[in-house]
Each structure stands twice: as C-alpha cells, then as structure tokens.
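Participant: Listed below, chain by chain, are the residues.
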Amino acid sequence: MVDPDYLKFDTLSLHAGQEPDPTTGSRGVPIYQTTSYSFVDTEQAAGLFNLEQPGHIYSRISNPTVAVLEERLAALEGGVGAVCTASGMAAFHLACATIMSAGNHVVASRNIYGGSHNMLNLTMPRFGINTTFVDPRDPDAWRAAINEDTRVLFAETLGNPGIEVLNVPVIAEIAHEHGLPLMLDATFTTPYLMKPIELGADIVMHSVTKFLGGHGIALGGVVVDGGRFDWAASGKFPTLSEPYDGYHGICFAEEYGHQALSMRARAEGLRDFGAAMSPANAFHLLQGVETLPLRMRRHVENTSDVIDFLEGNDAVSWVSHPSVGSHPDHELAKELLPKGAGAILSFGIAGGREAGRRFIENVQLASHVANVGDAKTLVIHPASTTHQQLSADDLAAAGVGEDLIRLSVGLEDPEDIIADLARALRASQKG
Amino acid sequence: MQLEFQGAIVNFATGGVQIDPSQPPVLMVHGAGMDRTVWSQQTRHLAHHGFSAMAVDLPGHGDSTGELLTTVPEMADWLAALIRSLNFGPVRLVGHSMGCLIGLEVAARHGDVTERLVLMGAAAAMPVHPDLLGAAERNETLAPQLMTAWAHGSRAHIAGNPTPGLWMRSGCQALLERASDGVIFNDLSACNFYEAGDIAGQVDCPVTVIVGSEDKMTPPKATAQLVAGFQEVDLRHLEGTGHMMMLEAPDQIREIVLAALQ
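Chains A and B, in that order, are what the protein sequence lines are.
Take the numbering used here: the final residue in the first sequence is number 485, and no numbers are missing along the way.
Take the numbering used here: the final residue in the second sequence is number 292, and no numbers are missing along the way.
Chain A with its partners taken away, still in its complex shape (with noise of 0.2 Å):
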C-alpha cells in the first residue's frame, strides 16, 4: 500500500512556510521590518484591496515574516490556515469576533485560564455575548448547556490549572451533533503532544508564547483554521455565510469554503481590530518553534522526573498531573496524548497557604513569573496571581486551592530542578 510520504512533523517545525528569501537567497527567515508594501500599479493595489489576489498591503493585516510563522504553525496542526496575533489573548477575541455576534452563546470549560475567564464571564456580556461554564469531563453537562443560541464550545486541551484532560473526540461529537464548531486553547499540549484538528476540533488556538516560543521573550497568540466545519450548511454562522458590505458583497464561505474562517478573521478582524503580532515577534517565535519537537521530548522527560520526586517528598500532599496513575484523567491521557501530558503540573503543599508562600520565596532556579511553558523551570500560586480576580466560588469551581502550586517544568538538568524544589520546601515547612 503507497503511503502520502508527506513531510514529517519535526521537518515541517524547521521549514513550513519558507523558501530561501527570494531576493537575497538568505536561509535564515528575514525580519520584514516594515509597516506597508510598494504596489505594482493601481491595478494591483485595487485587486490586493478587493480579495481579488493575494498579497500584502499593511502589517496590520498581513506581513511575510508573520506569515512564515502562520504557515508554519498551521501546517503543524494541519489546519488549512492560521492567524497570527499580538497574544494568545488577543487571538481567543480574535475568534470568538469572527464567528459571534450580540446575542449568543458560548458553552464553556469552568477549567480554563483565569484571563479567558475573565473575557467570558465579565467582558463579552457586556458586548451581548454570554457564556455557560461547565464541568469538562461531563458530557451531560456540555450537552444540557447548549441552547438555540449557542455559537460555539471552548475548552483547553488541558484545563487550568488542574490538567483536566479534555476528551477532544466526545466533546466535538456533542458540538457538530448540534452543528456547532469545537474551539480548544492549545497552549499546554503544542501540535506536538495532541492535534486536536484530528480529533475533531474545528478551531484550535495557542498562546505562541508560551511552549511554541519556548523562551520567553515574545508575546504571540494564533488562530488556526481546522478548515472542515461546514459554516453554511450549519446556518447559525452569517459573518461567513452571507454576503459583506465590507469586502462588495463577498460571502466568505461561498468564495473559500473550507478556508472561510481564516480568511474573514484576517479581512475583517485583524483589519479592524488591529491585534496583529510584529515582525520581530514572529521572527523570534520562529526560533522557538524549530526546535519545538526537540524541546517537548525534553520538557516531558524532566516532568516526570520531577512527579517522581514530588511523590516521595513529606511536604507534598498531592500532585496532579496526568501521568500520575491517581489522576482522573489517566486513562484518557494514554490514549489521547501518548507522547505525554505536557510540562504543567500542580501539587499542594503540607501547611497551606503560608507554606506555599515560603516555597515561593525559596526557590533559587526556578523562577516566580505568570507565565508557562518556558525553557526555564517556573512556578506560581494561582491563587494569589492568575486567578486572582475569581471570586472564593469561582476559584473553588476551578479547583484552585490555597495550597496549590502551579509548576512550569523547564529544560534545565532534572537533578538541578529537583535539587531547587527540595531546597524550598524544606524551607517551607520550617515556619
């Protein structure tokens, strides 16, 4: 039997969407500092402006360098396109912009990151959007959730900060039953570890900065288009499926189909609301996403060494990750991410939140940041910091106790980790 022979995930992390720079033959992705583009003609700068070509006009809208970063990461998704945008937050409005309007209804994860909460629960109503948060692992609670207005279903592959496992298969079966797409935030997992597309989600996004950039040095976000949700036959979708004043008339879907979502998100969204990532952002996230499959191999051996760890310490009263056999989702973990659960865990600590704060205090490698999926080791208490705004409940909902640590595995040598976590919490039970 003759197989694809497509181009394997760990070539396509180096060369997915370049060529050698057509002009000066550079290897290296060069950095299109610029914010517009010399037309050819009047001819072409109406055809650029009306969809009729492609090409690039303004940086707001497209720019080559972020473009590179774009196809890249959508053809490490297998997405038919992908948006790129200032934040992984701004990628999530990016989004939901694109396919909502006032009036309806988001059925979402109560598990998810406390910034994506927030834009749920307190900023979208006040444009009409509402939002139903829902236990992830209950399906009868996704299904009872959703009603006649109800636009799209959100969750994180892994939850936040309990890494829930979603079951991506069982939860996009709930939404497409009912002709609605499934949107999951990607960021703990990378194309990597899971691709959701393949497991029926229809839009997947990430947070760039995190584990794709791997350093810490670049803010990005990116919507990626899964390219097989039927947005006319559903009929609940009009900003893809009828015509736009804004473009003469172009109905989206009629024109591009399968690529309908990534084309409005970028003719519409970044045009009017101006999230776009910078050339030199795109440029260093690049740097991380070529080594993105030799890091995650790592980032997943060093996060087992260190649950080995944490099980065998007395000042640890839990840990919760997905490899570890009392965690809820194991089972699903084996079978959904085989190539492991990411570098995110949580524990608790003996003591509370007093000694939660003294860990914090002492630790020396690993650094007190908000922020994941870095090269290096991180940690935090959600409670005190990403999910702060949540009220007692919320947090509750949530799963964020007062005792719990949020650690970020890092690249650093294990034994250096490991040598750094015992340190601080032999200092936190010294209180």
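Honestly, I wouldn't trust all of these hints.
To be verified - Each pair of labels, with its calculated beta carbon distance range:
1) A:H69 to B:H159: 26 to 32 Å
2) B:N222 to A:E73: 30 to 36 Å
3) A:D64 to B:D281: 27 to 33 Å
4) A:E355 to B:E104: 56 to 62 Å
5) B:S52 to A:R180: 34 to 40 Å
6) A:H69 to B:Q255: 47 to 53 Å
Hint data in this document are derived by calculation from the structure and do not stem from the laboratory.
Quick caveat, the model's predicted, so the values are computed rather than measured.
We treat Cβ as the ideally placed atom computed from N, Cα and C, and that holds for glycine.
Please arrange chain B on chain A, whose structure you already have, making use of the hints.
Facilitator: Chain B only, in chain A's frame:
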C-alpha cells in the same frame, strides 16, 4: 449563487458579484472530489474584470444537491444542459483535471455551447492508482491524503502559498475530506474508466492548455499527447508547479486565463 435545475440545487461561486448577463460568461469546472472553491484565486478576479464568472459545484459536490453523475459523458451532458438553461449563449469553459475531461466532452459533443476552452491539469487518459481507488472506495482518509500528496509540486509541500497564512497541503486535504462518502470514488472511477479516443480532434473552439512541470497526476508527457490532437492550441508551461496549479501559482494562472478569455 444558487439555482434550481433538473430538480436539484446547483451552487456557484460568483466572486461575490451579481451575475450580469451582458458580461461574457465564464464557467469553471472543478476536479475529482473537489468543489468550486478550488477557483477561489480566480473567480473574484474574473468577476471584477468584465466577466460573469461562475465556479460551479457539480451535482453532489460542494453545496450542490442531486445525484452524483457517474461517467464523464454524463457530466458533460449535464453541464451542456445547464449552460443552455442559463441562456447566456456559448460560454468560456475553464476546467481542472476531471473538469478538463468534462470540458473536452462538452466542446466535442456540444460545440454550440462552448466558445473557448482553458484546461489545466489535462490529459486524454487519467488512470488512477489502484491503492488510491481502493482507499476512495472504502472512504478512507488515505484517499484525500494520497491525492493531496500527488497533486502538489515539491515547493507546495513546504511553503509558497501566496495567500498569507494559508497552508496549501491541509487546504487540499480538508477540501477533499469534506466530500460526502462515495464522491471521491465516484469521480476517480469516472476518470479511470474514461476513454477519450480522438476527443481533441473533435474540438473546434480555441484551446489553451496549462501544464505544470511537476504534475504527477497528469504529467507533462500525458498532456503533450492530448495537445497533439488539437486543431488550435496555446500551450503554456509552469515551472515547479504541480497539479493544483491554480492554487500553487495563482498569479500566473490568473494572467494566462485572463489573456486567454479576452
């Protein structure tokens, strides 16, 4: 644009422009398992350059309803009847792959509805690899994967999409995966069993043929055999381009097609 024809819905992309019967009509016909959107880089351009551009979804494809047509001659008869029903007079037919076979049959047997042919990814015979045919019959994802792999030149497997942010390989695969069960097998079988005979010699209208140097599905040699039979033909070569040339090299295709149609 949608209209009712022979008891079914026929769907077209028109570039977002209302069809104007006073403008010369151009009908674009897609290949096996695909739909109107393969012309997304040409339809809107033609619609804004003096043509009534219509990229059609064949029956059972894209957003057109109706039963699948199982042979190329059946598809051609359906298309000729559709053109007559539009009352535009003869049209300029642009075909890709299986759409070329349909265009050839229309031009040869329904010359009254065909003013000019533009063919890309064309050959008089389109034998299909048995593994591909088998995967298509079983409605396996392998069929879209194989078609996607073979339909693109080497450059398109790495980069080079002129539309910022779009990834060509998954675009093709997703398009094929959206086809209903049986569609790809139906179309590939129609291509596999089609016997052109001396079809080129029966075409009276002017013909433009565009061939990609890296086309593995209708290789340049196979295109050359077809081209040799035409009475009047303009043959254009595109270097480094595969079978999906209208997406791999949209700027060049637009230029060639616009010149041919004018």
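Participant: Range hint 26 to 32 Å: satisfied by the CB atoms of H69 (chain A) and H159 (chain B)?
Facilitator: 27 Å, holds
Participant: Does the Cβ distance between D64 (chain A) and D281 (chain B) fall inside 27 to 33 Å?
Facilitator: 32 Å, holds
Participant: Given a hinted range of 56 to 62 Å, is it respected by the beta-carbon distance of E355 (chain A) and E104 (chain B)?
Facilitator: Cβ of E355 (chain A) to Cβ of E104 (chain B): about 59 Å, so the range 56 to 62 Å holds.
Participant: Per the hint of 47 to 53 Å, is the separation of the Cβ atoms of H69 (chain A) and Q255 (chain B) within bounds?
Facilitator: 36 Å, violated
Participant: Could you see if the CB distance from S52 (chain B) to R180 (chain A) stays within 34 to 40 Å?
Facilitator: 49 Å, violated
Participant: Taking 30 to 36 Å as the hint, is the beta-carbon distance of N222 (chain B) and E73 (chain A) inside that range?
Facilitator: Holds, since N222 (chain B) and E73 (chain A) (Cβ atoms, about 35 Å apart) stay within the stated range.
Consistency note: the structure conflicts with the earlier hints numbered 5, 6.
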